[in-house]
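Novice: What follows is each chain in one-letter form.
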Amino acid sequence: NAGVTQTPKFQVLKTGQSMTLQCAQDMNHEYMSWYRQDPGMGLRLIHYSVGAGITDQGEVPNGYNVSRSTTEDFPLRLLSAAPSQTSVYFCASSYAGYGYTFGSGTRLTVV
Amino acid sequence: AQTVTQSQPEMSVQEAETVTLSCTYDTSESNYYLFWYKQPPSRQMILVIRQEAYKQQNATENRFSVNFQKAAKSFSLKISDSQLGDTAMYFCAFMKPYSNSGYALNFGKGTSLLVTP
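Sequence lines, in order, name chains A and B. Going by our numbering, the first residue of the first sequence is number 1, and it counts up by one from there. Going by our numbering, the first residue of the second sequence is number 1, and it counts up by one from there.
Please note: incorrect hints may appear among the correct ones.
[Stated by the list, open to error] If we take Cβ atoms under 8 Å as the criterion, some of the chain A residues that face chain B in the derived model are:
#1 Met41
#2 Pro83
#3 Phe102
Think of the hints as simulated: they come from the structure by calculation, not from any bench. Here a beta-carbon is modelled for each residue, glycine too, at the ideal position from N, C-alpha and C.
With the sequences and hints as input, model every part of the structure.
Specialist: In structure tokens:
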């Protein structure tokens, strides 16, 4: 049982490049979310999904897209990377109100 | 979005002592969940303890316990017999069920806890 798997663990992008952060869970959880963590800001919600085919925006969605074609996968796409998107990104999944299980995070640097 | 406030950016405690981390939240809901997550230097987010708002009994997990005061909207974490491995950032989080946000978490900004020998 792998839990929540995020790839890559580290990434450096140039301004304007696009990329996809991968997230997969094997716990058959309905709810999945993406967060970004910046110093002194805690974790802020980017996008979330309540099931396959259903996604919505969180607190800081600008510059990011998501899709949920299967229960297991919830990729996060950066459309045109900007230095303000330098952050640590966490994917997480949950069964109802039992609390989220987090992936190990992706440290992204945009230069 | 619900507001979660952790008023102590940094705290320090000696090994084997007890420490309490504070958290307050703002909501008009009556049914919700509260969590404490631990983030050690490894960066992994680890669920420490969970509290359901409709339960009056405070949650306990080994050395970790909470003081949940629903009327005061307060949710503090007590760590007993502190250990060096408890050194981490601790985040308080709020979750509102049956909402459009699909059980998404709202986090406080965290409290950095240092356990010293």
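Novice: Which of the stated hints cannot be reconciled with the structure, identified by number in ascending sequence?
Specialist: Number 2 - this is the single hint that the structure violates.
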